[in-house]
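Chemist: Two independent chains are provided; combine them into the complex using the hints.
Taken in sequence, the protein lines are chains A and B.
The opening residue of the first sequence carries number 1 in the UniProt record's numbering; numbering runs sequentially from there.
The opening residue of the second sequence carries number 1 in the UniProt record's numbering; numbering runs sequentially from there.
Hints are computed from structural coordinates only; laboratory data are not their basis.
Certain hints may be false.
The following label-pair restraints were derived from C-beta to C-beta distances [claimed, not checked]:
| # | chain 1 | residue 1 | chain 2 | residue 2 | range |
| --- | --- | --- | --- | --- | --- |
| 1 | B | ILE201 | A | GLY61 | 42 to 48 Å |
| 2 | A | ARG238 | B | GLY287 | 56 to 62 Å |
| 3 | A | PRO184 | B | PRO69 | 25 to 31 Å |
It should be emphasised that the depicted structure is a prediction, and the values quoted were computed from it without experimental measurement.
Beta carbons: idealized from backbone N, C-alpha and C, even for Gly.
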Amino acid sequence: MKFYTVEIEARRRLGAYTLLSYRWPGDGIEAGRFVMARAAGYPVTLDPFLARPFSFYDFEGGVASLLFEVRGRGTALLDRARETIEVTAPLGKGFEIDASTGRAALLGGGIGVAPLKILGRELASRGIDHDVFLGFLDAKTAAVADDFPGASVATMDGSAGTRGTVLDAAPDLLGYPAVYACGPNAMLAAVKGAAGQDGLRQLSVEERMGCGNGSCNGCVVPVDGGYVRSCVEGPVFRAEVLAW
Amino acid sequence: MVVRERATEVDLTVELCGMTLNTPLVPASGTLAKEALGEAEGVYGAILPKTTTPRARAGNPPPRVAETPAGMVNSIGLQNPGVERFMEDLDAFDLGVPIFVSVAGETVRDFADLCERVAGDDRVAAIELNLSCPNVEHGGLTFCAGPAAVEEVVGACRAAAPTKPLFAKLTHEGVVGNARAAEGAGADALTVMNTIPALTIDAKKRSILVRGGLSGPAVKPVALKAVYDVARTVEVPILGGGGVTSGVDVAEFMLAGATVVQVGTASFVRDPAEILAEFSDYLREAGTAAANLTGALE
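If we strip away everything but chain B, and leave its shape as in the complex, we get (with noise of 0.2 Å):
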């Protein structure tokens, strides 16, 4: 039997808004339940649960889920019982460790409102704002459409938790200029990126199977892309992720410029502990700290 040797211990921790976290790796939101915490434990730097909406939303109706080459399209709908609810049952996701929660209304009211009730809550750490949803306000364009929707969302939920580290998740499409107004209304932090919209379709029944967000390890390239171009052009900290699957992934998104990197699909089809034990490897290997990583391309 081969023992493995656990050589020099690696420091994984990293900064973000002022907290310390013991790993740079975060769920991706709307990818771990509660049901599958075990999993989490020792594992991620901070834990973000599904994203929560003012009122219970039952979700989309199936078939919700379709896997394709490298990846999957899903169209869930946001289904959650509503953010009371939600907070009476946070504290299930307590692990020891920071919980970032993550909001989605239709109005910018909403979302201030979310947030007020939400950063009032000790156990909240920090609050990611869900901007890819529709605001109803705007014809159904997403909050993060252009630089304008998303200065006036942010700066709303910037005033309605003014302490409450604010963290803004961007999709891709014009992220550049999306946060560089985030950064400019007050998020303290950005989420890069969101699923990127997709559609399969059954060529046998001829009918749209799922429209929704690619995932995925498919998605990657498109991601890192986008945490570098966004690293180039705002001074907060980046949550980066689309794809991450292993930990060569982990650093690939940290030297493009992210601080802390989220895990979302590949905790599928993967235990995360194996994607952080691989991330660790990397670092014995390349003689660094986590933190050291952090835009460090040559």
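Just chain A, same shape as in the assembly (with noise of 0.2 Å):
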């Protein structure tokens, strides 16, 4: 996998996540992609030894952003970078956008709001309104919402927004010709189940990678069969692809 040095635009703190913003004079990137990214890989460090995959947050006048939250070594030296970081060219398939839809809801769990915001942006670019909802533990992750105007917020335990989970905040999906959502697993299977088969229903996964490009095989997630790669034939997936 070819890795290029960027140089990091801008840091910024959304509560407990990071938003890290690099120059990237490339194209390929769009909503629901990905790129591996690390804080420096062989010879400067051999641990970690994995680059990391993160959706795109948003993308504008040739300046890439990434959302994460420090869970690692990872993310911490990933946190702590000066100058540069280290990603691959953009990856993965992401989201289809159909103006024919009209309407969209898009929901987000913790981290997996990170996508939303580029999606929402190139939504509002084809004319398509959109109703944002996020979920989160507790109002310390919540505060990435502050970045989404007129988001519906839920927390699990209640210190912000509404008690309980982005289904909570969410009122009938059915009524959404398009639903887009990120997240972890258990909450895509809870969209996906809330949001019926009508439409168009995507959901993007985070699954661990090891390499991105569809050589390990270590990414996969269920389907009708067996499993596919999350980082090729995803991470954005139609909803009733999905065997969960």
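Modeler: The following block contains the structure:
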């Protein structure tokens, strides 16, 4: 896998999350696609060894941004990176946007809010009205919702917005011609159930990845008859394809 | 701007079982998907796709990978569409260099049938036997659990594919005895080594995260010793690998006795072309050709 050293443009704290942006002179950045990113790789470090997958949070004026939560060594080092980070070219299949759907619901759970910012921007540019529903554990993680004006928020502990899951903040999803969601598998399965089978229903999965280019078969999700790789066949799937 | 001078061209070619390979690098089985072939062009002397089996295998449920210090543990479960679909798709791996096909079965008969099927196709330059999978007829011990098991399966494959170059891929455990057995049963070359059995645990959930095979730079010294020991025991050439991450690593494996060097997990974190460029730089500085390195420890 080829990595590019890119300059950090800005870093912002959004509650419990970090928003890191970098200049990307190339193309290929679309809602739902992702990059493998790391603070540095060989020969600077062999530990952590693997890069981490991150959906694009936003892309404007040649500046791409990634949203992450510090959970281990890889994200801790990214959080502390000073001038540069290393990223791959944009990877994976993003969200399908169909202008004829007219109206969409966007649902994000925890760090799964990441691809909804750029998705909202792309939907707006195509004249598609959309409502945003975000679910978090607590007020600290929910602070990122300030970056989504007008979003309905839920927290599990009730410290911000409605108490409960993202679905407690979302009214009847069946009425939306398009539903987009990103978050943990349990949340996505619940959204799939609540959104029904009519219309465009797309889910962006969060899986551990080894390579990001289809080679290691590590990031699979279940479909009828087996497993498919979320890095090349996804990370965005039509809800009806996923076998959960 | 500094223009990097390409001084004298280095000779990267190596000979393996009657084939001339443009470079000594070969992808380790299961680490190069057809979607990633763009990075393989001009880098590898042969292509080695993921192991195929008699029937389609869905593979193991996730999680399948866990990162570890300087490496990763994987438990994929040989996910593949089965040999017939695999062979239909083989042209996708044609980069104008030889294609080696990795096979695995659950019984000796499986292995022999696969070898016969695959050897009959002119597009296949050689067959690698993935002997690390469980032998269901022997209580789930692997096909390289010991010399007798290795001899039986390699002998059956040799008979099923009498003229096609046959590589036996061995794990590090008991590798010297197994290498001798594989050579004795007719293997044309040996691949040393496979991943190392390993376990990762999620302490928070008090559960096993991934039980599988460890790969990456963490395993390199183990692999080097295995290659070195085998090279001093057998006459057949060795495809060495295990944690190869740089051009100097390639040189180290060749010095230990490998003729060809397999690059696996490193290709997830580096462009393999960089590894080949570093190896070329090593040869240029050393003033020698790739083919002269094998076993050339002083």
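Chemist: Which hints, by number, does the structure contradict?
Modeler: none
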